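Here the structure of chain R is known, so what remains is to put chain V in place on it, guided by the hints.
Those protein sequence lines, which keep their order, are chains R and V.
Just so you know, we're using my numbering here: the first sequence kicks off at 1 and counts up by one.
Just so you know, we're using my numbering here: the second sequence kicks off at 1 and counts up by one.
No wet-lab data here; the hints were simulated from the structure.
No experiment lies behind these values; they were computed from the predicted model shown.
Since no wrong hints were added, every one of them can be taken at face value.
Footprint (simulated), chain R over chain V, 3 or more residues, beta carbon under 8 Å: (1) 115-126; (2) 135-143; (3) 517-525.
Below, a sample of chain R positions facing chain V; criterion: calculated Cβ distance under 7 Å: (4) A38; (5) I54; (6) N55; (7) Y56; (8) L58; (9) L60; (10) G61; (11) F66; (12) I73; (13) V74; (14) C75; (15) L77; (16) C135; (17) L171; (18) G172.
Rough simulated footprint, nothing fancy, chain V against chain R, three-plus residues with beta-carbon under 8 Å: (19) 43-49; (20) 113-123.
The beta carbon of each residue, even a glycine, is placed where N, CA and C say it ideally should be.
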Amino acid sequence: MARALKLPNWSRWLRTTRAAHADALLDRRHIYILPTRAGWFFGFVLLLMLAGSINYTLSLGFVLVFLLTGMAIVCMLHTWRNLAHLQARAGRADPVYAGETARFDIVLTDADGRTRHAVCARFDPAQDDTANPTCIDIPAGGSATATLSIRSRRRGWLQAGRIRLYTEFPLGLFHVWGYVELNNRCLVYPRPADSHIPFPSATDRRNQGGADTVAGDDDFFGHRSYQPGDSPRRIDWKASARKQGILTKQFQGAAQSALWFDWAATPGNDDEQRISRLTRWILDAAALDRNYGLRLPNHEFAPDSGPSHMQQCLQALALL
Amino acid sequence: MKTRIPGINDVRWLLAGLCLVMILHLHHFAAWVALSVLALLVWRYLLAHFRRPLPRIYILMPLTVLAGIGIMLNYHGLFGRDASVELLALMLGLKLMEARTRRDFLLLIFGGYFLTIAAFLFSQSMASSAVMLVATFTLTATMVGVSHPVGGLDWRFQAKTAASLLLQGIPIMFALFLLFPRVPGPLWSIPQDTGKGMSGLSDTMEPGEISELTLSGEIAFRVQFDGDPPPPSQRYWRGPVLWQFDGRKWTMADADAKWREESLQARGDPVRYTITMEPSNRNFMLLLDMPTQLPADSILRSDRQVLSKDPILRRIRYQATSHPDYTLGRDAAPDALQAALHLPDTGNSRSLALARSWAESGRTPEAIVQTALDMFRENEFYYTLRPPRLGQQPIDEFLFDTRRGFCEHYAGAFVYLMRAAGIPARVVTGYQGGELNPVGNYLIVRQSDAHAWAEVWLQERGWVRIDPTAAVAPSRIEYGIEIAIPNENPLPLLARNSNPRMKSLYLNLDAIDHAWNQWVLDYNQERQMELLSSLTGSRLSWQDLAVAMMVSVVLIVLLLAYFALRGQRLGRDELQRLYGLFLKKLRHKGIIRMPQEGPLAFGRRAANALPQHAERIGRISDLYAQMRYRDHKTAESTELLKWLIRTFK
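Chain R extracted, bound-state conformation (with noise of 0.2 Å):
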């Protein structure tokens, strides 16, 4: 019933500035103003002034409410200065995994050399309920960057979607307020599995022969202490029991030699879990520094190392 009855979210149908080009400018077919709740508070104690004016004919009465009233009247004035021709342009979103908290930045500029000051940004509709907003200050003429962060939930984009941008600044009796949507997005990667899960062994069935008869071939080069997924054949079994941990022999061709994650062979329940996985061995090898390639149904990246080269993998996956 109460749903039944829940009005329709009017301000759906509120103007939002787009960023066509590069900014968007909230100009003034862009800004709504309202009184506040306590701008109508501060309406009914002039009302009530007002009243005791007239009944004991205060002159001074009259003077001071007249007085506060053109205050009012000249603060709603300010507040809508404060955030008109303001342009927001969209800032860094950097990619975060799914679950972790994404970081939207709004770069707000004033251009009319004028101090904005206490400009707030946050999501509209609110899109969590633990999202704050953030107030700034802008300097006359400068920019400043809020930051909205909203928790991640699934991978691939997360788009920032509408914002309002809002002050009720200088006395609080009005809000001020402008939607904008800037086209920020964040990319969210998938949640890497939780456990370390070891390499998958074969790593490249058309280079006929798996990680094994490659490792044969190099040169032992040393140990490092064992990381869940190690295979078992590599861990140095007799310097482990001289020394205290278990070692993992590592072999300059095994460093160089590139593991191979395939779609296709990754073992999991669903898509999802596989990804996950995939995400998983990535952000290992790249612990390890080691060469690997990515082979999804739809695209093959060829064995590399290095940030961009996860960053491509992942965001691949990301979007899968």
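Below, chain V alone, put in the same frame as chain R:
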């Protein structure tokens, strides 16, 4: 808005604002209320200063109850004017002790505004309006501070913002003040104690009463004459007419004594004038003897005393016309004359015998009047503000023993003698004289000008004014009380003649005060219509006013909006226009700015292309970038850039 707990700076601003509001009230608060409120303010400041927690509810609750009980005991209720204002002040003080959030602060700020207006119930002087402005400014600055979600604003910035909001609101205030259609109050009944502490003529007279009033230098009313003021000897301001005498006290005629209205023949030139009367909490409207054209909304009694419908609780202005030369009540009603002969059955027997002896000697009424006046003049009677106290037979004691009295003694004794001699007579009280203020060309009449005189009824002449005081102290009538009794001067120090410079300062101040009263405090419905109709030349309705008010407010807001939004943008446009000129000059030299090129990058490219102008191009680009993007824009830098670009060849 993200809420923030107000900090110590916000507390400081708020306390300063509330202190200023309390200053407006201190003069009328009961001492314990004033001290409690101040103690609460200090307490709150100390808590904030030492970062101590605010008191708990089990401390505040009993204090609140105590405050309520205190007011109740002091005023026997909570709803009188004084009681409710003091209760509000105490409650605000207690609210302060639990004010933590922005909401609490806003509530206190609004409460502060409200308490400011309540102060005007007690005083609307220029000084209180000045304090009101400072208090409003401080409270507004507090509101600026608590409205910033991050806080830590510079106090100068806070003050500047509040000042600009208020200053820009002033034109709107003027428009609303002038044009808001005034409704004559009250909308609801005014509390009983509103008229407390007002002084003025009473509707009775007994020995010592007027002389006590005369000790007050307060202003009773001010008079502006249309032409020249009448000479001092004609400045009798008619107030209550007293008929009944109980041996000691004179009182007005019974309200149910409906005598025929006394006829009036006026002669000579009329005197037209406007009186601005201070509140007296009584109904008497003082008018120059003898009023012929009465103020609006007044009641005329048969003895030509003029009353207002309601007690005068606020300053009123009224216009009237009087004729100093007149004949009143030649055909007086017999029952009225009968009442004017009535005397108590016993008491004051020596006076009675004296007057009877005059009547029995066969003198005419005129001769009897003259005899009585001669008696005052020729015997050792003294005119003094501090006469000895009189006992059970006041008339006898005064006439035969003490012989020292003020106007009420002379008027009372004279009327008694006349009645005893068979001449109808009555006492008239009011004011006599007044001081002309040359600065504003108006007459100041003070409580110290209060006076009592007599009217006797003579065949063919009607009611004739006789002032027995004039027989004893003629200078009282001609020059006023200050000259008549210099040693007992009741006037305020500044108003005395002894120091001419102080005196002229006083008169100037009074003229300002008078103008303030006329144009600010007494700007009521009548004045509003009068002023606006004379400006527009046509009769206006309140609907006209409402439309004019809205139109003018909208115009002012548009004007403000234009300047608020245009100011800086014009400056930027000029800067861009100048830079455009520079680009045009370079274009002629074949160097064209790319759309994505910033001014500094373009400047470097242009300088490389035109090495002979490299220095000038570098300076222009640098200055422009500074002014455009860092807002280092001053009048000097604009002039410099203008010169650099104009002279660039």
